[in-house]
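Protein chains in written order, with our numbering: chain P, 196 to 515; chain R, 719 to 1008; chain Z, 221 to 477.
In case anyone wonders, no lab produced these hints; they're calculated from the structure.
Treat the hints with care, as some may be off.
To be verified - Lysine to aspartate or glutamate pairs mimicking EDC-like chemistry, simulated, CA-CA at most 20 Å apart:
| # | chain 1 | residue 1 | chain 2 | residue 2 |
| --- | --- | --- | --- | --- |
| 1 | Z | Lys245 | Z | Asp288 |
| 2 | Z | Lys389 | R | Asp970 |
| 3 | Z | Lys413 | Z | Asp454 |
| 4 | P | Lys461 | P | Glu354 |
| 5 | P | Lys444 | R | Asp970 |
| 6 | Z | Lys413 | Z | Glu428 |
| 7 | Z | Lys339 | R | Glu908 |
| 8 | P | Lys271 | R | Glu908 |
| 9 | P | Lys369 | P | Glu354 |
| 10 | Z | Lys413 | Z | Asp444 |
| 11 | P | Lys473 | P | Glu239 |
| 12 | P | Lys369 | P | Asp318 |
| 13 | P | Lys489 | P | Glu472 |
| 14 | P | Lys271 | P | Asp318 |
| 15 | Z | Lys339 | R | Glu911 |
All values derive from a computational prediction rather than experimental measurement.
If you want the building blocks of each chain, they are given just below.
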Amino acid sequence: MKRMHAVLSLISVLSILLAACGTAVPSPTPTQPPPTTVPDKLAEILDRGTLIVSTDPAYPPQSELTEGATRAADTKCAADQHTASELAGFDIDTAVEIARRLGVEACFVTPDWTLITAGNWADRWDISVGSMTITPERMELLYFTQPYYTTPAAFFVHEDNTAFAQPSDLSGRKVGVCSGCTYDFYLSGTLSIPGETIDFVVEDAEIAGYDTDTTALQDLALGDGVRLDAVLTAQPTGQGVIEDGLPLKQLGDPVFFEYLAAAIDKAHGTDPASFVEKVTEIIQAMHADGTLLKLSQQHYGVDLTTAAGEFEWAGLGQLP
Amino acid sequence: MDVNALRPFGPASADPDLSMGLKLLSDQRRARLVRVMKIVGVWIALVTVLAVALLQLRVDPGYIVDHRQIVIDGVWVTIGVSLISIGFATILALLGALGRLSRNSIAQGISGFYVSLVRGTPLLIQIYLIYSGLPQIGKQLTALGFPQLGRLLVLDATQAGILALSLNYGAYMTEIFRAGIQSIGHGQREAAEALGMTHGQMLRRIILPQAVRVIIPDIGNQFIAMQKDSALVSVIGIWEITFRANRFARQDSKFIEMYLLAAALYWLLTIISSWLQSRLEGRMAHAYER
Amino acid sequence: MLTSAEPIIHVENLHKWFGMLHVLKGVSLAVMPREVVVLIGRSGSGKSTFLRCLNFLEEPSAGTITIDGLTVSAGSRVHASRSQIIALRLRTGMVFQEFNLFPHMTALENVIEGLVTVKRMPKEQAMPVGEQYLTKVGLLDKRDVHPIRLSGGQKQRVAIARALAMEPKVMLFDEPTSALDPELIGEVLEVMKQLAREGTTMMVVTHEMDFAREVANRVIYIEDGEFVEEGSPDKIFSNPSDVRTRMFLVRVLHRAT
Chain P
196 MKRMHAVLSL ISVLSILLAA CGTAVPSPTP TQPPPTTVPD KLAEILDRGT
246 LIVSTDPAYP PQSELTEGAT RAADTKCAAD QHTASELAGF DIDTAVEIAR
296 RLGVEACFVT PDWTLITAGN WADRWDISVG SMTITPERME LLYFTQPYYT
346 TPAAFFVHED NTAFAQPSDL SGRKVGVCSG CTYDFYLSGT LSIPGETIDF
396 VVEDAEIAGY DTDTTALQDL ALGDGVRLDA VLTAQPTGQG VIEDGLPLKQ
446 LGDPVFFEYL AAAIDKAHGT DPASFVEKVT EIIQAMHADG TLLKLSQQHY
496 GVDLTTAAGE FEWAGLGQLP
Chain R
719 MDVNALRPFG PASADPDLSM GLKLLSDQRR ARLVRVMKIV GVWIALVTVL
769 AVALLQLRVD PGYIVDHRQI VIDGVWVTIG VSLISIGFAT ILALLGALGR
819 LSRNSIAQGI SGFYVSLVRG TPLLIQIYLI YSGLPQIGKQ LTALGFPQLG
869 RLLVLDATQA GILALSLNYG AYMTEIFRAG IQSIGHGQRE AAEALGMTHG
919 QMLRRIILPQ AVRVIIPDIG NQFIAMQKDS ALVSVIGIWE ITFRANRFAR
969 QDSKFIEMYL LAAALYWLLT IISSWLQSRL EGRMAHAYER
Chain Z
221 MLTSAEPIIH VENLHKWFGM LHVLKGVSLA VMPREVVVLI GRSGSGKSTF
271 LRCLNFLEEP SAGTITIDGL TVSAGSRVHA SRSQIIALRL RTGMVFQEFN
321 LFPHMTALEN VIEGLVTVKR MPKEQAMPVG EQYLTKVGLL DKRDVHPIRL
371 SGGQKQRVAI ARALAMEPKV MLFDEPTSAL DPELIGEVLE VMKQLAREGT
421 TMMVVTHEMD FAREVANRVI YIEDGEFVEE GSPDKIFSNP SDVRTRMFLV
471 RVLHRAT
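Based on the sequences and whatever the hints tell you, model everything.
This is how it looks when you write it as structure tokens:
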């Protein structure tokens, strides 16, 4: 009986693998249009009265948990969604403001970052306001709005280090990054950001992937060269942990700038085009009337938004 | 030799064997006490070593005390997810065990496949697959004209987490339940059959009431294990203990502090669950012996 | 000794294979009501298998079993149905070598289990019946005791009461005393002799020759799956016709005939 079991299991695994290979073509598009009981995504959101936003509260000061928060009694958010009072940060404030201008309440869900960038959200949430960098690869799965701020990407080393004077000195060294983030692609030499030419100054770095930037920074803080020689991450993130007391310092100037925007699933069940346009419109207005500038000053102490406001969104050519 | 001359010290007694017996008893009690003290001593030493090691981590205990609530709030989520999942897992395990023991080829085939598949893949991957994969299948179903069924497959994080944990533990518990059922002597089944019982009657009246003595302790053990495994569902964003500890730690980069708090909470949960389980087992044994 | 013309057990051409081993080779038997038949033979001769075929605990490979008018056939093309088998089992009561009492129930609960679960008798109705049969085997005072606290002889007597409570047409005994300490055998045999005196139809596989002498109407010697010789106890024990029977008795009884 045990032998039969082993044989059966082996055959099953092989056939499942074969089936997976057989469908190498991505899921076929439906032959009929999606059920249209609501005209489109924007109408669905306005009708529902809530804007469901995904965020990963692992990124102070963009997104973090607040202690001792209580849900408002009259919230429209579902039981497994969190209200604005339970979270805090630049991304959170931006999302709340966007929702307010749409005339709805902001509700938050917290899936893993990889699940957000992968698209195919199955309409579990409407929008990601999570400091996502606009890249061509992501544009295949997601629509991006007008960027709401920019982040310089910078290298950080242990404060005891004296060997490196500038980023190019890190060629061939071990650098920690958040896996699947733009910093990962930069080190691999594959990063492309619309509207920017990128200078890959570090060659052949030994890339160490982490689930988030902060974990990588923690490893760097263990000591110069103990686990890592350097970490590439958003400048505000690195500055943040230095202020918390980690023994790190920035190495040289930022190596590239990212445009960070809100993202919307292309695979939404209802047509998201008007939703994308409406949010873009709102963000552009928030740039124009100084709301984003004020939030930037409040959370970062510097203006990270002006360049984002000047970004030529239509040039992305996402919507016909 | 006079028997009285052999009498050991102790209360004067007409029966020399009785006082020897009493002395032996008190010697045994003392020896047992010494053993227990030694074990307690070892525990104290180990806890001290652990505490000293922890102090080397430059931990800020005050931070833990000040910010404990946000992680403690996750305890109810952890318990809730674990309880519901163990409930479903038990049902699955009963069905699975009966299937594995069944003479019906279909039942045997399904249960065997289920156990092999689920025990052969990591729980973390199962969680991801259920959360991310099911909705995609649901999409296809909707496209093929079954919108209700398609929507049913889009589980939110909590539902997906419970489903993954239930399926996973159900497979492992299947094998334990099966062994428990099989441990009931063959002869009893024959006696039941000779009386004219159907398989269902035999199961209900003879097998399961006895198998319960193996099954209940196992459910308790699995529940204790599941509380820790439930930490894995933090990756799909359920706000249980680990998620809260992990995310909150990033604010002030106080990772060790928050992880220690989380670990202590899990340990506490385990201790309480184990104590409840041993009380339950005690009452079961008592009822049986009556 | 015997009454009525129709056999209450009728076995025709019974075959049983275990894999390649031909354990029962086309045996046939007719047992009249109130008859006590004792089967003797060495281990592996097929005597227990024969008995267990009577209530389909072993499914025969071929042949027919008729008990009290119900005929069930077995064979490669004929499969006895669940309901037929259960009907057959309701006509028989079996007592096992290893007692096989249900350990999680008291003696009384064991005795009434068949009545309550299989015959769906209400518990209040079943209990007096159970007490009656426990009294019959002399164990009413043990009604609320669990099997784990009973001696071997007591357990077997409870097992007999359990089988009797279902009021079967025939009682089957599969080496009922073989697992007992010698000083406990007597109490069980006493109960069995009592049953024989009352006219119960019994089919007993045993090594207890004195028991056979005292109450058996017929003794059958089985060897290698065949009924070698059958006759009254006097005949078989004192003057067996077949040399194989003689050889067996010499070995078992240490007695030349």
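Here's how the hints hold up against the structure:
Proximity of Lys245(Z) to Asp288(Z) is assessed by CA-CA distance (about 24 Å); at most 20 Å being required, the pair is judged violated. Using a Cα cut-off of 20 Å, the hinted pair Lys389(Z) and Asp970(R) is violated, with the two alpha carbons roughly 84 Å apart. Of the pairs offered as hints, the one joining Lys413(Z) and Asp454(Z) holds, with about 17 Å between alpha carbons and a cut-off of 20 Å not exceeded. Between Lys461(P) and Glu354(P) the alpha-carbon distance is near 44 Å, which puts this suggested pair outside the 20 Å criterion.
Among the hinted pairs, Lys444(P) with Asp970(R) is consistent with the structure: their alpha-carbon atoms are about 17 Å apart, no more than 20 Å. Under the criterion of a C-alpha separation no larger than 20 Å, the hint pairing Lys413(Z) with Glu428(Z) is consistent with the structure, at around 12 Å. Restraint check for Lys339(Z) and Glu908(R): satisfied, since their Cα atoms lie roughly 18 Å apart, inside the 20 Å limit. Simply put, Lys271(P) and Glu908(R) have alpha-carbon atoms about 62 Å apart, too far for the 20 Å limit, and the pair is violated.
Simply put, Lys369(P) and Glu354(P) have alpha-carbon atoms about 16 Å apart, close enough for the 20 Å limit, and the pair holds. Between Lys413(Z) and Asp444(Z) the CA atoms are separated by roughly 29 Å; this puts the pair beyond 20 Å, and the hint is violated. For the given pair, Lys473(P) sits about 13 Å from Glu239(P) by alpha-carbon distance, which is consistent with the 20 Å threshold. As the CA atoms of Lys369(P) and Asp318(P) are separated by approximately 39 Å, the hinted pair breaks the 20 Å bound.
A distance of roughly 23 Å separates the Cα atoms of Lys489(P) and Glu472(P); the hinted pair therefore is violated under the 20 Å criterion. Between the alpha carbons of Lys271(P) and Asp318(P) the distance comes to roughly 18 Å, so the proposed pair stays at or under 20 Å and holds. About 13 Å separates the Cα atoms of Lys339(Z) and Glu911(R), which keeps this hinted pair within 20 Å; it holds.
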